[in-house]
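Chemist: Residues per chain, in single letters:
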Amino acid sequence: MNRYLPLGIFLVIAAFLGVGLFLDPREVPSPLINKPAPAFSLPQLHQPAQTFSREDMKGKVWLLNVWASWCVACRDEHPVLVEFARTGAVPIVGLNYKDERRDGLRWLSQFGDPYQLSVYDYDGRIGIDYGVYGVPETFLIDKNGIIRYKRIGVVTPEILRDKILPLVRELNGNA
Amino acid sequence: MRNLILLALIAITTFGNLGPVGALGTGSARAAESLATEPELEKRVTTLSQDLRCLVCQNQTIADSHAPLAIDLKNQIREKIAQGMSNDQIIDYMVQRYGDFVLYRPPVKAATLGLWFGPAAILLLGLIMLFRYLARRRREQHADVPLSDAERKRAQALLGMVDKESK
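Residue numbers (the working numbering), protein chains in the order written: chain D, -14 to 160; chain A, 5 to 171.
Don't read these hints as lab results, they were simulated from the structure. There could be a bad hint or two in this list.
Stated by the list, open to error - Simulated pairs of lysine-lysine, DSS-like, Cα-Cα distance not exceeding 27 angstroms:
#1 K84(A) x K20(D)
#2 K113(A) x K157(A)
#3 K128(D) x K20(D)
#4 K45(D) x K148(D)
#5 K83(D) x K20(D)
#6 K47(A) x K135(D)
#7 K113(A) x K135(D)
#8 K20(D) x K148(D)
#9 K20(D) x K47(A)
#10 K43(D) x K20(D)
#11 K83(D) x K113(A)
#12 K84(A) x K148(D)
#13 K43(D) x K83(D)
#14 K78(A) x K83(D)
#15 K128(D) x K43(D)
#16 K47(A) x K78(A)
#17 K43(D) x K135(D)
#18 K148(D) x K128(D)
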């Protein structure tokens, strides 16, 4: 039996390390899930004179998508969101994060605008409240303003189909 | 004339004094105050940021990192200190937003017991196994088992071989 002990230890370590290969260390569990979305009141990207706040979305299930023109991964994500917005399944609000207003506006006119509207977080203050550390990030917020799901990184069609849409349907049905 | 000079002197000394005195009451007092508190403040910012992980470059503290988010968070800490928050309150503020992962030293709780005590437990297990092995070996070595005839013959043959070789 002792002869197999080193082999056993090796297999256990190999199993742990093997699983570790498939984990993404960038995906840190958010403490904000099932907590109220932090309040904000920010100027809009298109109309700086008008503000938009969390309360304006009360009673709706909605997505908050954090994006920036300097964010490379957002380029991958953007067409997916533009396509998704066409279905009208759920309103998407953009949070233009630490961007120059001009660059943000140019980005939207160049690549299309999937957002109901975008709010403008120049100094990233609201980003900190939402625990944003890797753009793009996407939050699904329910009718009572509770965060139900957070995606760190690019939203793919698979995530929309398997995670976000079923949750949207569930949240719209129950609340 | 003498009176006039005296008057002028008095005026200069009083007004001349008034200026600095007035300034001391407002401007320079504040400057002196910030001089006194700023190293203190910076020290607190540094202490706190050494306990917080930079989530962009995960194996650095925000004290070591120059990532934009780390700089933002340091500014946030500075602001919270100015608002009069205690160190614990500021750490709580960060944990509420970024989770336990933001703490460079993870807290001891059920989910992190393995992390904190796992290495010590494995070391202990190894020591126990080592001592049991050594004890068993010592018992076996001390037991005087006489050689069997076949073994004695083999030993002699081997020893004879050595003798021949060395000659």
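Chemist: Each of the hints needs a verdict: does it hold here or not?
Modeler: A quick look at each hint next to the structure:
Distance restraint check for K84(A) and K20(D): the Cα-Cα separation of roughly 22 angstroms lies within the 27 angstroms cut-off, and the hinted pair is therefore satisfied. Simply put, K113(A) and K157(A) have alpha-carbon atoms about 65 angstroms apart, too far for the 27 angstroms limit, and the pair is violated. Between the alpha carbons of K128(D) and K20(D) the distance comes to roughly 13 angstroms, so the proposed pair stays at or under 27 angstroms and holds. The straight-line distance between the Cα atoms of K45(D) and K148(D) is roughly 18 angstroms, inside the 27 angstroms bound, and the hint therefore holds.
A C-alpha spacing of about 24 angstroms is found between K83(D) and K20(D), which places the hinted pair at or below 27 angstroms, so the restraint holds. Distance check on the hinted pair: K47(A) and K135(D) sit about 35 angstroms apart at the alpha-carbon level, beyond 27 angstroms; violated. Proposed proximity of K113(A) and K135(D) is supported: the alpha carbons are some 24 angstroms apart, at most 27 angstroms. Pair hint K20(D) plus K148(D) holds up; C-alpha atoms about 19 angstroms apart against a cutoff of 27 angstroms.
Of the supplied pair hints, the one linking K20(D) and K47(A) is violated, its CA atoms being roughly 33 angstroms apart against a limit of 27 angstroms. Distance check on the hinted pair: K43(D) and K20(D) sit about 15 angstroms apart at the alpha-carbon level, within 27 angstroms; holds. At roughly 36 angstroms between alpha-carbon atoms, K83(D) and K113(A) are farther apart than 27 angstroms, so this suggested pair is violated. With a C-alpha separation of about 37 angstroms, the suggested pairing of K84(A) with K148(D) is violated against the 27 angstroms cut-off.
Proximity of K43(D) to K83(D) is assessed by CA-CA distance (about 25 angstroms); at most 27 angstroms being required, the pair is judged to hold. Using a Cα cut-off of 27 angstroms, the hinted pair K78(A) and K83(D) holds, with the two alpha carbons roughly 16 angstroms apart. Taking the CA atoms of K128(D) and K43(D), the gap is about 6 angstroms. The hint holds against a cut of 27 angstroms. Annotation: proposed proximity of K47(A) to K78(A) holds, straight-line Cα distance about 12 angstroms (limit 27 angstroms).
Of the supplied pair hints, the one linking K43(D) and K135(D) holds, its CA atoms being roughly 18 angstroms apart against a limit of 27 angstroms. Simply put, K148(D) and K128(D) have alpha-carbon atoms about 18 angstroms apart, close enough for the 27 angstroms limit, and the pair holds.
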